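Asks: Listed below are the residues making up each chain.
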Amino acid sequence: MIIQVKDLVKRYGTLTALDHLDLEVEEGEIFGLLGPNGSGKTTAINCILSLLKFDQGTVEVFGKPMTPDAYDLKRDIGVVMQNVAVFDELTVQDNIDYFCGLYVTDRAKRRALVDEAIDFVGLQEFRRFYPKKLSGGLLRRLNIACGIAHKPRLIIMDEPTVAVDPQSRNNILEGIRQLNRKGATVLYTSHYMEEVELICSRITILDKGKVIAAGTKEQLKAQIDLGETVQVETDDLDEAVLALLKQRPHVASVTYDGAWLVVRFARGQNGLVDLLDFLKSQAVPLGRIHSELPTLNDVFLELTGKELRD
Amino acid sequence: MIAHLLHYRLNCFLKDRQMIFWTLLFPLLLATLFNLAFANLSEIDTFIEIPVAIVNHEANQNEALQMALAAASGQNGAGGLFHVIPTDEESARQLLSENKVDGIIFVKPDLHLVVKQSGLNQTILNSFLDDFSQTSQALSDIITVNPSITFETLLPVVQDRRDHISAVPISKDQLNSTVIYFYSLIAMTALYGGFWGLRIVNENQANLSPQGARVSVAPVHKLLRLMVDISAALVIQYAIILVVIAYIQLVLGYRFGSQLLWILLAALVACFMGIAYGSCIGAIVRTGEGIKTGILILSTMMMSFLSGMMYHGIKYIVTTAVPVLAFLNPANLITDAFLALYYDGASPRYFTNLAILMTFGLAFSLLAFAVLRRQRYASL
Chain A
1 MIIQVKDLVK RYGTLTALDH LDLEVEEGEI FGLLGPNGSG KTTAINCILS
51 LLKFDQGTVE VFGKPMTPDA YDLKRDIGVV MQNVAVFDEL TVQDNIDYFC
101 GLYVTDRAKR RALVDEAIDF VGLQEFRRFY PKKLSGGLLR RLNIACGIAH
151 KPRLIIMDEP TVAVDPQSRN NILEGIRQLN RKGATVLYTS HYMEEVELIC
201 SRITILDKGK VIAAGTKEQL KAQIDLGETV QVETDDLDEA VLALLKQRPH
251 VASVTYDGAW LVVRFARGQN GLVDLLDFLK SQAVPLGRIH SELPTLNDVF
301 LELTGKELRD
Chain B
1001 MIAHLLHYRL NCFLKDRQMI FWTLLFPLLL ATLFNLAFAN LSEIDTFIEI
1051 PVAIVNHEAN QNEALQMALA AASGQNGAGG LFHVIPTDEE SARQLLSENK
1101 VDGIIFVKPD LHLVVKQSGL NQTILNSFLD DFSQTSQALS DIITVNPSIT
1151 FETLLPVVQD RRDHISAVPI SKDQLNSTVI YFYSLIAMTA LYGGFWGLRI
1201 VNENQANLSP QGARVSVAPV HKLLRLMVDI SAALVIQYAI ILVVIAYIQL
1251 VLGYRFGSQL LWILLAALVA CFMGIAYGSC IGAIVRTGEG IKTGILILST
1301 MMMSFLSGMM YHGIKYIVTT AVPVLAFLNP ANLITDAFLA LYYDGASPRY
1351 FTNLAILMTF GLAFSLLAFA VLRRQRYASL
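For the protein sequence lines, the chains are A and B, in the order given.
Everything in the first sequence is counted per the working numbering, starting at 1 for the first residue and increasing by one.
Everything in the second sequence is counted per the working numbering, starting at 1001 for the first residue and increasing by one.
Hints are computed from structural coordinates only; laboratory data are not their basis.
As the structure is a prediction and not an experimental result, all values here were calculated from the model.
Where hints are given, some of them may not hold.
What the hints assert, rightly or not - Derived coverage of chain A by chain B (criterion: at least 3 residues anywhere in the stretch with Cβ under 8 angstroms from a Cβ of chain B; other residues may be distant):
| no. | stretch |
| --- | --- |
| 1 | 83–95 |
| 2 | 102–108 |
Unchecked claim - With a cut-off of at most 27 angstroms between alpha-carbon atoms, the simulated DSSO-like pairs for lysine-lysine come out as follows:
| no. | chain 1 | residue 1 | chain 2 | residue 2 |
| --- | --- | --- | --- | --- |
| 3 | A | Lys-64 | B | Lys-1116 |
| 4 | A | Lys-109 | A | Lys-210 |
| 5 | A | Lys-64 | A | Lys-53 |
| 6 | A | Lys-53 | B | Lys-1108 |
| 7 | A | Lys-109 | B | Lys-1222 |
| 8 | A | Lys-64 | A | Lys-182 |
By construction, the Cβ of each residue, glycine as well, lies at the ideal position given by its N, Cα and C atoms.
Please take these sequences and the hints and turn them into a complete structure.
Replies: Structure (structure tokens):
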């Protein structure tokens, strides 16, 4: 186990930021911590990194208790903070070298690592640039390079794509997958469900400091009643067909407004092909067809009654 | 590791334009303004030889007067009381009318002085001639009463004047009085080292900056980081002080006398004290960076004011009325150390000031570290 958090409680006065949080991150995975703003993701990260005092619980990293002076553990951890943490007076290369030098003392080895990190985040042309001359996306890439240049076993990324353009975001997400393929375990926090869904093998959803769901994305989606939603454009549908449709297996609900037929399937079931076969057998004329699979936002919505973005 | 940290912290600090402005350019600017403001003060204090004309053919007939005037005049470039211009009567009157001389000495029919207006120089000339006349008359009377005494035997007696009050120089060095203002300027510059202290704390505390959070999760002990940062700041602030002193000495032309090494030692201790003071404010004041900077500037200016930077009399008032405050004011201790050097050299007073400054610096450092050593925060 790379990270093991048990019964973690963190309170700010009367506000409980983390409410008996349990987490287990296994070696080699990209673990997602998903939740809306203020759900306790960053607080959890800061407790894991031993930056924050907590009221109850234990945190172990690499099987050992994590403490502020656990330098042997810290040496194998890379952190990409939510806020860009670089020095304005140092160039891109110098910033990476400075932070890498906190972990790696051998100068020749460090030089190679810095070059590799610069290549990895695609900042070759900006080596001599100062941070103020970089765009938001490039700055985020620099922030990531500073956190991962020393090739840590565990990388903790706290919302690294906030305020990043779509192209840079894709680059960053692809980079995280590359790091993972090279052997790094990643703990990734975000309030963007698409990102977490895209790169994470296991996900824990937090709300108000509590774990409301955990598992793979398939497991999470299976926890809710909602499945695939199919919309079919048709202007000729009688009540008898609708009644037959409602009786079909896995159909959770059917609505028809005279133009669009909306069919929701239950428990993560996909029924597009089955539905189309049925409508064809009933000689129903078909227009445009849309199919939407359930998302983690649907999971969050069903479990909490609110959107992830709220 | 230490060399790596030191290299990059020096790099960061040297490229911090805002800090370099306040710690280096601002004091240089103030020094230049001080120079402009105080330039005439020393000139006012400088005595300028009094130009006086003496009608040539008459002076030649009074050997004693010639000797007295020669003794009171500058020789070989050295400054004297009078600048004597032997000339004829017509030229002398022309010079007087053009204010090129302050008076004309006539020997005949009797020794007298002609001036155009009354003033200090004219009074000095008149006093000199009165003294000469009285002495000449006394010698003449002595020789008349006792003809066996010759003028040559009396002259050494007259010339052998003894002072019964001796003048003791205030300092071993010929210091310009305006240098005192520059001492206070150096003290202020040293205390501005507090800006570095603020920055150091800010960039090492996880709850104050993202950089602080990042270095806090790295496997480097906080004490080591702080020591390296303070060392880097001390190197830069001390270099700044040296530049300011060199500018004042070499560019503005104010000599600090022969106590330069001791002044450099005082400046080093003052720099440490300033950085420690800023670190302490950064660590113990629980508020935003802007307010901490404001507190640092306000307190530094207040301390500088109480040490006499804006009005020199306040230093005396504080020292006599509230002596404890004088001892608790680091700016006052710094200027007082410089003044002690000026008056007494490397005296017990100088070392006392330095010892108190060092104690303050260590106390501020320990207080700051006591707060900063906390490694986990209640909130970030």
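Asks: Next, verify each hint and record whether it holds.
Replies: Now the hints, each set against the structure:
1. 83–95: This one holds; 8 residues, not fewer than the three required, reach chain B with a Cβ under 8 angstroms.
2. 102–108: Holds, because 3 residues of the stretch 102–108 of chain A bring their Cβ atoms closer than 8 angstroms to Cβ atoms of chain B.
3. A:Lys-64 / B:Lys-1116: violated, 100 angstroms
4. A:Lys-109 / A:Lys-210: Measuring from Cα to Cα gives roughly 43 angstroms; hence the hint is violated.
5. A:Lys-64 / A:Lys-53: Holds: A:Lys-64 and A:Lys-53 sit about 18 angstroms apart, inside 27 angstroms.
6. A:Lys-53 / B:Lys-1108: Violated. A:Lys-53 to B:Lys-1108 sits at ~103 angstroms, over the 27 angstroms cutoff.
7. A:Lys-109 / B:Lys-1222: holds, 24 angstroms
8. A:Lys-64 / A:Lys-182: With a Cα-Cα distance of about 24 angstroms, the restraint between A:Lys-64 and A:Lys-182 holds, given a limit of 27 angstroms.
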